[in-house]
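Enquirer: Listed here are the chains, written in short residue letters.
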Amino acid sequence: MTGTLLVQAQDIVKRRLCGNSLPVQLFSNLQSAETDIYNLLKRTVEYAESNSLLIIGPKSCGKSTLIKKVVSRVKKNENATKNLLVVNLNGYMQTDDRIALDEITRQLQLENTIGDKVFGSFAETLSFLLQALRTGSNESQPILFLLEEFDLFAQHKNQTLLYNLFDIAQAGLTPLAVIGVTCRIDVMELLEKRVKSRFSHRQIFICNTWTFKEYVGAFKDCLQIKVEEKKKKAKWKIFLAKWNKNIDMLSEDLTVLEILEKQFLISQGLSGLQKLLMYPVWLLSNQHPLITPADIEESAKSLFADSKANILHGVSVLELCLIISMNHLMIIHDNQPFNFHMVYNEFLKFSQKKSHILHNYSKAVVLKAFEHLIELELLKTRDHSGIGISKIQKEYQPMVLLVENSQLLEAIGKYPGCPTDVKQWAQSSIV
Amino acid sequence: MSVEEVGLPARQKQVQQLTTLFHHPSHSAVPSIFIYGHSSTGKSVTLSHVLKTRKLTHVIVNCVECYTTSLLFLEVLRSFSSNEESIWKCDNMNDFVRNLRKILSKSEEAVYIVFDKAESLRDRNVNILPAIMNLQELTSCNLCVILVSELPWEKFYNGIGIRDPFIIFFPDYTKEELVEVLCHLQSPDTDLDFYRHYVTMVLAVFFLACRDLRELRHLAEMNFSIYKEPIEKGVATVNDKHKLWKNLEPHLRSALQKLYMREVSSDEWEKLQSKSSETALVKRQNIVELPFYSKFILISAYLASYNPAKTDRRFFVKNAGKMKRTAHSMKKDEKKSAHLRGPHAFPLDRMMAIFYSIVDGRVPPTANIFAQISSLVSLRFLSQIGHEDQIDSPRYKCIVSLEFITNIAKTVNFEIIRYLFDFV
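Those protein sequences? They're chains A and B, same order as listed.
Following our numbering, the numbering of the first sequence begins with 688 at its first residue and continues without gaps.
Following our numbering, the numbering of the second sequence begins with 188 at its first residue and continues without gaps.
Isolated chain B (complex conformation) (with noise of 0.2 angstroms):
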């Protein structure tokens, strides 16, 4: 996402505040700045935008790029040295210093080094964040270290005690700002009034759940052909803001149960949006084909894990007769509902127990029944709990969803709900 035109909409202080801080580049620079502010608040645009105006002497690193501490200071040394020949080995922080000092004496003019993505910095060697706090005092150059990173500067503290930067909070859009700022990103022959109005529209659909600018003008921009399809199609004109509205209305909703989730691809989703609403949306994902018998052994995992075993005999056995409901059977405490809690671990015995009972017909106990666990294992469908050396007792847990067991008994014609306790 670049904005390479000058005009930072909604981020004029914020260009103002640098501007001040970078002023006077022959004086002495700040020692260390730190920017925070949620993802997609424009800080590392707003940043580059500044010292490129400025033409200042600068180099932003990504942190999460340099994953090694050796990738990290090579490429600030490189964008720093103006011949390529020298530096092709720099692991550790002596070296780095030993070598800045030595491209930058030459100059008096302040440099700025940017981390972005400052926050993986803290999981690597210890030392290394404190170091480039200090890098000012060390080098004893003019130089000025930035760090710009969603999280606040409460969670960078250490064991060891690191120098505070100046810190700049960048806030949060406003509604009207992001109005402003997906406008502003358009190309300028679109109709900036009929694209705001749109706008607004998408953000009072989508404000609620998603702040972030970054999926809104993914939505902004998917949905924006459905919208003008009536237009191109002559039905409407661009006035008629109602008839609009309703035609896009139901690809907004159906888009609301999707935010983030990019089932499909931008591609297949459009192609999915232009076909008449009645045909049902496929779930690509999460179809996976079991065996028959696998299918029942995995029915009855969750069954073992999610009903506890008193009540086993309950579902299980045929002609039980009715339980007894007195009053502390009455009273299903909600906090020990297993689907709050998450899945209890069960022996094998007992999961081969229920699965005789809910299969019809008889079925021979072979190895092949028995193989098909260890193959649902491998499939984290179930995971195997305690020691591998047990056994002849082995527990498992069935960690698959709600969701999930219930579109696998459907193919079986197998009615789970009625087995499971928390919902009878």
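Just chain A, same shape as in the assembly (with noise of 0.2 angstroms):
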């Protein structure tokens, strides 16, 4: 039976951690966004008042989940005479005013869609929606539109579908709601006069304020299961308990602590927090039924590794070598660039006089290694002409490196069967 049950949490708590169900409780420092929000659009619905506003804040710190809290709390205000038309436009999504505008037609249902097609040219269309959307009185219904990732369409061109939104919204006929959401602090720079002038300029600004001890609540917060969510069934409740038993402890395990510390040092944010409880309860099933400190330990290893020590730790020696030269290079000529020519001068230093394994390979064959590192993107040109018909040989190009001399030094410590010569020899500093 605890199969199921532990079936039916893991399923509550990866959608939570998925982003597809509202959190049961907002974060308090949204306490006064929320209401703001819900204020204004009230005021659309019921007083046919038009309005726009942006909310600023960095990413994942809960700016379309408050959105969407807010507006399906008006919606489902038995008070409101009038429903309230929702128009969900995306900047990822609608790349084009062209795009934006059928997608308005088509949300709106207007009389020239049927089904997904929109008919008519994007002239035509601007002008049948404008006319609608003029046309209106007091009487007419409200139309939210939000746009998510407005600094998006900022960048379409003259900005046209902006400003005949916020036009309309100033103008006063039909109640209109203009709501943006973007990352971008400086998005009031990327508005043209024009619309910048027709624009309420009401700005509301999210940021996270966690302390440590709210992370950790947050961290309880996800995973901890209110009896409230199920039906109330005894075998349930006793489940819960346990379940909730062991997050509060795991809260106060040493090892957790410390790698919840770690990670909030790095980011604040939710998003964090998500990454790294993803891997422990996927992973829960019978045999494994309650989230340990261990696992909790595993996912933070693989979420704090240094991607590039691990493609550092699979080149070959003579890629590796290679590496070393170029890093050589970089100290002697003080980060100047180098090139190809250069690189294997000094690589041929090392492996005639000092090292008793390496053989001379073939300068093509190295030429090989140094065009693979190319591909990995340890290197790159200095200059972005691009190596293809550019006056310069391959084999001349000015590269610089991009592995960091601690990082190098570190990654041959750990580098699986490294000879001793290759080792002495990136740690002295000139041959």
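To be clear, the hints were calculated from the coordinates, so they are not data collected in a lab.
Certain hints may be false.
Listed below are the simulated DSSO-like cross-link pairs for lysine-lysine, each with C-alpha atoms no more than 30 angstroms apart in a straight line [as the list claims (entries may be wrong)]:
{"#": "1", "chain 1": "A", "residue 1": "Lys1055", "chain 2": "B", "residue 2": "Lys293"}
{"#": "2", "chain 1": "B", "residue 1": "Lys342", "chain 2": "A", "residue 2": "Lys1110"}
{"#": "3", "chain 1": "A", "residue 1": "Lys995", "chain 2": "B", "residue 2": "Lys200"}
{"#": "4", "chain 1": "A", "residue 1": "Lys1055", "chain 2": "B", "residue 2": "Lys597"}
{"#": "5", "chain 1": "B", "residue 1": "Lys242", "chain 2": "A", "residue 2": "Lys701"}
{"#": "6", "chain 1": "B", "residue 1": "Lys584", "chain 2": "A", "residue 2": "Lys1050"}
{"#": "7", "chain 1": "A", "residue 1": "Lys962", "chain 2": "B", "residue 2": "Lys293"}
{"#": "8", "chain 1": "B", "residue 1": "Lys497", "chain 2": "B", "residue 2": "Lys584"}
{"#": "9", "chain 1": "A", "residue 1": "Lys701", "chain 2": "B", "residue 2": "Lys497"}
{"#": "10", "chain 1": "B", "residue 1": "Lys445", "chain 2": "A", "residue 2": "Lys1110"}
{"#": "11", "chain 1": "B", "residue 1": "Lys242", "chain 2": "A", "residue 2": "Lys1036"}
{"#": "12", "chain 1": "A", "residue 1": "Lys988", "chain 2": "B", "residue 2": "Lys304"}
{"#": "13", "chain 1": "B", "residue 1": "Lys445", "chain 2": "A", "residue 2": "Lys1067"}
{"#": "14", "chain 1": "B", "residue 1": "Lys342", "chain 2": "A", "residue 2": "Lys1055"}
{"#": "15", "chain 1": "A", "residue 1": "Lys1081", "chain 2": "B", "residue 2": "Lys584"}
{"#": "16", "chain 1": "A", "residue 1": "Lys1110", "chain 2": "B", "residue 2": "Lys482"}
{"#": "17", "chain 1": "B", "residue 1": "Lys497", "chain 2": "A", "residue 2": "Lys962"}
Computed, partial: chain B to chain A, Cβ under 8 angstroms [as the list claims (entries may be wrong)]:
{"#": "18", "residue": "Thr206"}
{"#": "19", "residue": "Thr207"}
{"#": "20", "residue": "Leu208"}
{"#": "21", "residue": "Ser227"}
{"#": "22", "residue": "Ala318"}
{"#": "23", "residue": "Asp359"}
{"#": "24", "residue": "Cys397"}
{"#": "25", "residue": "Ile586"}
Since we're looking at a predicted model, the values are computed, not measured.
We put the beta carbon where it would ideally sit given N, CA and C, even for glycine.
Build the complex from these two chains, which are given one at a time in their own frames, with help from the hints.
Expert: Printed below as a string of structure tokens:
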């Protein structure tokens, strides 16, 4: 029986971590923002007042979640005389004003659409839409335009869509609410003068002000399940009590606290927490019904792993020697760019004098190894003219190494079966 | 390279990780996964193996094959839609999301979209990558986007900001694991112990230079017939490891010099190896036939590019006398060596002066000679520097390698090494 209960609990928590369900309680710093937006929308619905608003905050601080919650609250309000029509636009999907316009007419189901297809050219659709919106009055249905990734809309040509939306919002005919959500703080600089003047300059800034204690509290909230969420069966209550107790125990465990503190120092937001908890939650099964500190530790290990060190772990010894010679060249020449011949020269100095195992590889083989490193993006050309038909041969192209000295030394320490003379060469300053 | 049978050697941990993430397809799936690791570490093979054996709805799209975004979208939509009729036009992200939502809204089961060679997505329109990483949220369907790439996730950051995926790293194979994988890929009727010993020997030679499974597999297969040859001829038995090694060693050494290069096709390589080792390998490539004077023009261009102008007098003027050996001239600054820095540009007059001094006999300055210069430019042995409008003093640069020019010089009996400043 615990099997299905566990599966149900796992499902609930998984939905939370993927962002598919609204969290039970929103963060405390969003309460005031929530009231503001709710009042604004209420005024649009009840008093036919047109408004525009921008919500600005870093990624994954809860902006979209907040809006969705407020909109559902407004819709549930029985006192509203008219229904609120919601048009959802997203900057990632509507990359052009034409596409955005088609999407708006589609979502509003105006007369020039049948099913999904919108008839007419861009100019026709635009004039039709504007006409439809302008001939409204206080009695028409209020419309909410929700523009996510607002800064991408500001990059369309002439900002036509934004201009028209704000224009109608200001003209006060159909009751219109335009809410933009963005992560760029300088979004006002992106707007043209005429668009900016029609915008109401109402902005709400959201930022995450958690302390470490609140962060641990959020960790618990992510995982703990309140009893009201499901049917009140006794078995479910017992199971949940055990589950919640385990989470409390986890949040007091020292290793877990250490990991949480490290993650908190890197990023305060919820997304880091979600990434950390994903693997432990997915790992739950009948053999492993409770999350243990070891799970979280393993998840943290792969989360905090240095990806460049991982890549360096897998290059061949020849390529490693090339990277070491490049590192030496960068040190000797004070971060000036180098080219392949200089690297090869440096490599020859080492392999002829100091090494016993590296044969004299032919230049062409070394060049192939060099090109493999370029493919792995451990080097990059200094100027972006490209290697194709530029006037410089590929062996003389100036390159820059993208691996730091300390990263390299650490990687060499961990390299499996690294020959000792290579190690010593890496640590010496000059051959 | 396909491993159809169950059992991917040395990849149990990754299979387990993937299986954990794909557990319970009726639940919400992980929004996005990023798999990275060196080439031929088994990423695509493992992923498709896990998806197929668990019978999960999935589509694998190769981003290099689908070089435009509409091809990408169509590939995904076509494989999910059961009827062939509807979708034949989808060129923007909006239509893609709409169509995807329509197709996937019927099922609650998790659906997996795999983008192989995902690093080429970075060069497309800058909105593609963020939108793809957010696909679960945009479509509000239960789908999971998996990106497979050689480069780590930090190379994918762009100016807009992308939602971070769950990252899985496929570590490279160790030497023992490579032996196991290579043995596993052989057909079951070969003697495994024998083959294992052979592969260990091959790895001992090549491991320092190359850890790529594909290349090692190619080398092992090419040289296996040579290894087996003494046994087939009856000269040695399976246990005479030393004799077999001695027979194989020179071939492995010559293969080491030609690693990755594929200068000749595999059949020709085998034919060349089966001849006796005294016959030299014919260098098929890089033999270019040039007219007599063109060769000298090319040689003088090379000398003009790689020698500093002050040393011309010493090399090319007869009876110039000894150069004064001041301390300054003795210090050949290695850093400024042209062979390390690259060729310089030179004006046409200088090259013609060198040309006239190295060619025997009188050469009249006809248009024929000058026309050969422009044909050398179009053959990309010289490159023209500076504006094409400058016709009274054009500047060129010689872009051939030292080996090439030495070969050319040999054909006209010209010792170019004596005239190069860096080798004096």
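Enquirer: Hints first: check each against the structure and report whether it holds.
Expert: Going down the list of hints, with the structure as the test:
1. Lys1055(A) <-> Lys293(B): 50 angstroms, violated
2. Lys342(B) <-> Lys1110(A): Satisfied, since the Cα-Cα distance of roughly 28 angstroms is no more than 30 angstroms.
3. Lys995(A) <-> Lys200(B): Within the cut-off at roughly 21 angstroms; holds.
4. Lys1055(A) <-> Lys597(B): The given pair, whose Cα atoms are some 27 angstroms apart, holds under the 30 angstroms limit.
5. Lys242(B) <-> Lys701(A): Holds, because 22 angstroms separates the two Cα atoms, which is no more than 30 angstroms.
6. Lys584(B) <-> Lys1050(A): 23 angstroms, holds
7. Lys962(A) <-> Lys293(B): 29 angstroms, holds
8. Lys497(B) <-> Lys584(B): 17 angstroms, holds
9. Lys701(A) <-> Lys497(B): Not satisfied, since the Cα-Cα distance of roughly 75 angstroms exceeds 30 angstroms.
10. Lys445(B) <-> Lys1110(A): 27 angstroms, holds
11. Lys242(B) <-> Lys1036(A): 56 angstroms, violated
12. Lys988(A) <-> Lys304(B): Status holds; Cα separation ~26 angstroms.
13. Lys445(B) <-> Lys1067(A): Satisfied, since the Cα-Cα distance of roughly 26 angstroms is no more than 30 angstroms.
14. Lys342(B) <-> Lys1055(A): Within the cut-off at roughly 22 angstroms; holds.
15. Lys1081(A) <-> Lys584(B): Holds - the C-alpha atoms of Lys584(B) and Lys1081(A) are around 14 angstroms apart, at most 30 angstroms.
16. Lys1110(A) <-> Lys482(B): 46 angstroms, violated
17. Lys497(B) <-> Lys962(A): Status violated; Cα separation ~65 angstroms.
18. Thr206: Cβ of Thr206(B) sits 10 angstroms from chain A, so the hint is violated.
19. Thr207: Hint on Thr207(B): holds, closest Cβ of chain A at ~5 angstroms, below 8 angstroms.
20. Leu208: 6 angstroms, holds
21. Ser227: Ser227(B) check fails; min Cβ-Cβ to chain A is 11 angstroms, beyond 8 angstroms.
22. Ala318: 4 angstroms, holds
23. Asp359: 3 angstroms, holds
24. Cys397: Result: holds, 6 angstroms to nearest chain A Cβ.
25. Ile586: Since chain A brings a Cβ to about 5 angstroms from Ile586(B), closer than 8 angstroms, the hint holds.
In this structure, the earlier hints numbered 1, 9, 11, 16, 17, 18 and 21 are contradicted, and the remaining ones agree with it.
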